[in-house]
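S.K.: Order-wise, the sequence lines are chains W and V. Just so you know, we're using the working numbering here: the first sequence kicks off at 1 and counts up by one. Just so you know, we're using the working numbering here: the second sequence kicks off at 169 and counts up by one.
Think of the hints as simulated: they come from the structure by calculation, not from any bench. Owing to the predicted nature of the structure, the values given are computational and were not obtained by experimental measurement. Keep in mind that a hint or two might mislead.
Here are the simulated lysine-lysine pairs, PhoX-like style, with alpha carbons at most 25 Å apart [to be verified]:
(1) V:Lys240 x W:Lys165
(2) W:Lys35 x V:Lys240
(3) W:Lys106 x W:Lys72
Interface residues of chain V toward chain W, partial, derived using beta-carbon atoms under 10 Å [as the list claims (entries may be wrong)]:
(4) Gly242
(5) Glu326
(6) Gln327
(7) Asp331
Where a beta carbon is used, it is the ideal one built from N, C-alpha and C, also for glycine.
Chain by chain, the residues run as shown.
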Amino acid sequence: MIFRFNVIFLLLFSYAISANLEHDPSFVKSVYIEKISRFLTWPDDKEESPEFNLCLTGDSAVEKYLPRLYRKRTIKKKPVKIIRIDNLEDAFQCHILYVNEKSINKLAFLKDYSVVLVGNDNGLEHKGVHINFFDEGERVRFWINPKSYKGSGIRVNHLLLSIAKIVR
Amino acid sequence: MVKIMINFSNRSVRGKIVFIVLVTTLSALILSSSVMLYLILNNTKDEAFMRARLDGALFSELVIPSLLFNDKVGAKETLSKFHNLDRVNYAHMFDAEGKEFASYHTDTDKELYNDKMVFERKETIEYINNTLIVNRPIFYQNEYFGHLNIEFSMKHLEQIRIDYIKIFILIVFLLIAFSYFAAQKMQNAISIPILKLLSYMNEISKTGDYKLRINKVYNDEIGKLYDGFDEMLVQIQARKDATQKAQDELFNLNEKLEERVESRTQNLNDVNYELKESIDTIKKTQSQLIQSEKMAALGGLVAGVAHEINTPIGLSVTGVTHLQDISVALKKLYNNNDMTQDDFEDYLDTNIQLCESIYINLKRGAELVASFKKVASDQSIEEKRSFRVKEYLEQVLISLRNKLKQTKINVDIICDDKLELFSDAGAIAQIITNLIMNSLIHGFNKGDKGKITLTVINENNKFIIIYADNGKGIDKETLPKVFDPFFTTNREAGGTGLGLNIIYNIVTSSLGGEISVESKVGIGTTFTIILPTFIDEGIMCEITEGGKV
């Protein structure tokens, strides 16, 4: 009983995540992408793919860190392939697609596909982005919109929810 | 313990029921409650352990994102949730390198760990001084992220124990009260019907009225007991009637039996009287036979002595007759004056010789008569006197000389000449006479040469006569019967079977001695007579070369 109470209590309580702000927030977000991936599970076809496709569309501050950061590091024990998406129709292959406010409007067709959309602009969590980073003082935090995952086949570990802000 | 058992046994049924119910209830309660208390406390402890482990597992999972995203603030906030669990004394969270990452503790003054800690990468639980310390590694997807160290207070267990004991004591008192009430009710249900039964029993035992009946109220065990009691009364009444009937019959039988006993007793008395008369007759007959035997012995003695004195008397008569003849002839010569001097001198010489011969023969006769008189008078008068044994035995043998002369049997007497005995001499004479006659009749065949030895000795204040013959002897079958009255192997020749029996009676009864017999067929027979009375103590019979009497 107490256990349930604790779980409910903790689930209802939103966490503030403190991040190491000695670095550039964009760098931190680049690092967070790998850590967030640990709490996400893609459908089998993508889980079994030999590479982890980390895609980018539009301008993004993280672009300058990702190739250097994941040149040797792995995500989900897979080598990371940084893909620049110019033709949005190629976005199906991505595990994670880093988007901005301009490109989000064109990506509604990915709603039912197993591509996790990650944003960095205010309000994107209400526009279909699965994870949207925001700064809270010196800490980097992120929104999660559970509704956006429906139909995508992607599962989110509850622990990720415990440190994120949930879109209601 | 035994005294307690006796006290319990002497309690009333009511007391026993109350006692048993209370003891049983209390025992069951104590036992079950102790087991329950033990199980509850154990279970509570186990539950506390499990909750501590679960809390450890939960928090070690909840802090994973904080560790992963290096969010110390978030980790501290997560650990601060332990505040809601007032059982947690402190919680420390360490990163993978062993550095303290975040902590929570009720004691705000407690210092943080500055040093790197090294943990085993497995869960450990320690219970020390009412505290439970859980060390749990933090893993996510098989990757070690750090360690969580939580100390739980277990003081609430002690409180639970005290609470349970209070409740237990309260329940015990309530149950004792309830049990006592229930036992009282229960014993009423049992003791009242029993007391009713007891009341009936007392009344029946006082009045003896077995026709009384108890009417049962319920058809339970007590009701069945009443039924059984009533049935028992019916049976007792029936048995009483049957017993009365049997007693009447027994009384009648007793009366008849008494009559029969009386009749039989009368018959028995008659038979006893007849038997007594028969015994008297037998005794008289036996006495007459003994007397006859004695007279026969005396007759034999008389015959023997008469024969002995016949010769001297005959010679005396012849001498006297010759003296008379020569006296008459001399007188005639004298009257005729023809008597010469020579005639007279011849007469005188003859007269002197005849007188001498007559005197010698008459003296011999007188001696024989005196001897006869002594023996005969001894046999006819039972009187004790002092006498020299050897001399007396020789006189007895004189009375038997006529019989002995007709045989080739020699009788030797081996005894000290001076040995004297104070006893019934006639009895001794009769014993010796009967033994010798017994030997002559039964021990030897007619014409057999034989020897009878009479040895008399004085030994250890006992007078011992050993009578031995070397005749035919007595076989083993006959030997034990020789002293029996009327037992004889020579009845056809006029034997009465009383000779040895008389000897036995004289020795054992009259003289107070003992007699025994030994015999071997072809060797001979020996009678040993031991008499207790002596007149001349200390003189031993000397064994002399046996002279023929």
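S.K.: Look at each hint and say if it fits the structure.
M.R.: Hint check results:
Between the alpha carbons of V:Lys240 and W:Lys165 the distance comes to roughly 17 Å, so the proposed pair stays at or under 25 Å and holds. For the hint pairing W:Lys35 with V:Lys240, the CA-to-CA distance comes to about 16 Å; that is within 25 Å, so the pair holds. Using a Cα cut-off of 25 Å, the hinted pair W:Lys106 and W:Lys72 is violated, with the two alpha carbons roughly 32 Å apart. The restraint placing V:Gly242 at the interface with chain W holds, with a minimum CB-CB distance near 5 Å, inside the 10 Å limit.
For V:Glu326, the shortest C-beta to C-beta distance to chain W is roughly 20 Å, which exceeds 10 Å, and the interface hint is violated. About 17 Å separates the beta-carbon of V:Gln327 from the nearest beta-carbon of chain W, more than 10 Å, and the hint is not met. A hinted interface residue such as V:Asp331 counts as satisfied when its beta carbon comes closer than 10 Å to some beta carbon of chain W; here the least separation is about 19 Å, so the hint is violated.
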